[in-house]
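*Asks:* Residues per chain are reported as follows:
Protein chains: 2
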Amino acid sequence: METDKRWTIAVLGGTGKEGKGLASRWAKAGLSVVIGSRNIDRAKEAAAEINSAKCPISVQGKDNLNAARAADIVVLSVPYSAHRETLETVKSVLQGKILVDVTVPLVPPKVTKVQMPPAGSAALEAREILGDTAEIASAFQNISFEHLQGDHEIGCDVLVTGTSKETRAVALDLVSQAGLAGWDAGPLENSMVAEGLTSILIHINKIYGANHAGIKITGVPDKNQPSREITK
Amino acid sequence: METDKRWTIAVLGGTGKEGKGLASRWAKAGLSVVIGSRNIDRAKEAAAEINSAKCPISVQGKDNLNAARAADIVVLSVPYSAHRETLETVKSVLQGKILVDVTVPLVPPKVTKVQMPPAGSAALEAREILGDTAEIASAFQNISFEHLQGDHEIGCDVLVTGTSKETRAVALDLVSQAGLAGWDAGPLENSMVAEGLTSILIHINKIYGANHAGIKITGVPDKNQPSREITK
Chain X
370 METDKRWTIA
380 VLGGTGKEGK
390 GLASRWAKAG
400 LSVVIGSRNI
410 DRAKEAAAEI
420 NSAKCPISVQ
430 GKDNLNAARA
440 ADIVVLSVPY
450 SAHRETLETV
460 KSVLQGKILV
470 DVTVPLVPPK
480 VTKVQMPPAG
490 SAALEAREIL
500 GDTAEIASAF
510 QNISFEHLQG
520 DHEIGCDVLV
530 TGTSKETRAV
540 ALDLVSQAGL
550 AGWDAGPLEN
560 SMVAEGLTSI
570 LIHINKIYGA
580 NHAGIKITGV
590 PDKNQPSREI
600 TK
Chain Y
370 METDKRWTIA
380 VLGGTGKEGK
390 GLASRWAKAG
400 LSVVIGSRNI
410 DRAKEAAAEI
420 NSAKCPISVQ
430 GKDNLNAARA
440 ADIVVLSVPY
450 SAHRETLETV
460 KSVLQGKILV
470 DVTVPLVPPK
480 VTKVQMPPAG
490 SAALEAREIL
500 GDTAEIASAF
510 QNISFEHLQG
520 DHEIGCDVLV
530 TGTSKETRAV
540 ALDLVSQAGL
550 AGWDAGPLEN
560 SMVAEGLTSI
570 LIHINKIYGA
580 NHAGIKITGV
590 PDKNQPSREI
600 TK
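From first to last, the protein sequence lines are chains X and Y.
For the first sequence, my numbering gives the first residue as 370, with consecutive numbering after it.
For the second sequence, my numbering gives the first residue as 370, with consecutive numbering after it.
You may find that some hints are simply not true.
[As the list claims (entries may be wrong)] Pairs of lysine-lysine residues, derived as BS3-like cross-links and limited to a Cα-Cα distance of at most 27 Å, are as follows: (1) Y/482 x X/534; (2) Y/479 x Y/386; (3) Y/386 x X/585; (4) Y/585 x Y/575; (5) Y/466 x X/482.
I should point out that these hints are in silico values taken from the structure, not numbers from a laboratory.
Note that the structure is a prediction, hence the values are computed from the model and not measured.
Take the sequences, apply the hints, and build the full model.
*Replies:* Structure follows, in structure tokens:
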């Protein structure tokens, strides 16, 4: 299925390890990517670092607001402590765009214990902040950043939840463009499972002496994928 | 590691497909099993059905209260609509026993949407009902009953959460005795992930045309299992 490559993806918090890993994979896949950060100099540094790998389209660096303004899809990859503030910063320019929330609401120091915010999950909190008409998907919570930074295949699936089937299809295409296997995991309310699973995987890493615990969906012999064409 | 086989397991709701599947697997493994039901005749019928397969120790059938009274480990496998009532029924005899809650808080008709009770999960609701000193584990939410009924290997892992490491170790042993692979998934607060995952797996079954979607934990190359010896 052909992907419309004319859309631009902003990765807010794209200077962090996870955001930079995703941005780099999308840039290498030929997508137009803008790195967003609170600090425009750090955004430009991260963009230059990715560009040194000679991507088809040059990655740009901007402050979060201008990165979101320039994009069709806005990926939010910030620590949970900056989640609300970043959304408030870019809220005015998100109209008509899709937000893909990557945030995991970890509450240090007990990061192995699931502790969801009152809204139910970080993605549901984003919906509270942006309003009920916002198009929001939630994805990528369970991939370790070390995995994202390499070019190798990743033995961990991505659960994609979202406010509509169409929003999930856009996020599933982003998963695919990043070289990962994604699953339509249902409505945005289900995001608490993918977000909470991160605490369980950290616990499993600790208990079983591993570093990159992940999950694979089993029992779907003929993975007849739902439509992933980008219609944005 | 040797398992102490002197303990007795009550399966409340053991006349249902899932409870009967678990009871049957434990009985075949040589454990002492009591089927509990609101209806003692149905409990005896289910026990007779399992006994027809010639288990090492004869399975008994009792009403829920007497089944719980006779057991060291009480497994709760009832529809969510009977969860609170069943716990209230057996609460007085649970002192000093371990409860293994198998309940998934599905809210028909939207069973593909995660809808946790106010306590945060069914297992956390059990803790509210039984009190903070209760020993509770949560497990087996993601295994389809068709899988449990056969003797074949099951391609789905079991996430085990619980109020203490020791409680989780007991539940992990039950997982192992049922012929399944289990993982210590952390504190009981994490039960919302395993419970909620069931809705996601039902959604995946529906979207991708499957019947037995499950999960496997990946990325733990040397599964150095935590202690599973039963110390009850």
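*Asks:* State for each hint whether it applies.
*Replies:* Now the hints, each set against the structure:
Note on residue 482 of chain Y and residue 534 of chain X: the hinted pairing holds, with a Cα-Cα distance of about 13 Å set against a maximum of 27 Å. Note on residue 479 of chain Y and residue 386 of chain Y: the hinted pairing holds, with a Cα-Cα distance of about 21 Å set against a maximum of 27 Å. For a cut-off of 27 Å, the pair hint linking residue 386 of chain Y to residue 585 of chain X stands: about 26 Å separates their Cα positions. Between residue 585 of chain Y and residue 575 of chain Y, the direct Cα distance comes to roughly 19 Å. Compliance with the 27 Å bound is thereby established for this hinted pair.
With a C-alpha separation of about 24 Å, the suggested pairing of residue 466 of chain Y with residue 482 of chain X holds against the 27 Å cut-off.
Hint check: no violations occur; every hint is consistent with the structure.
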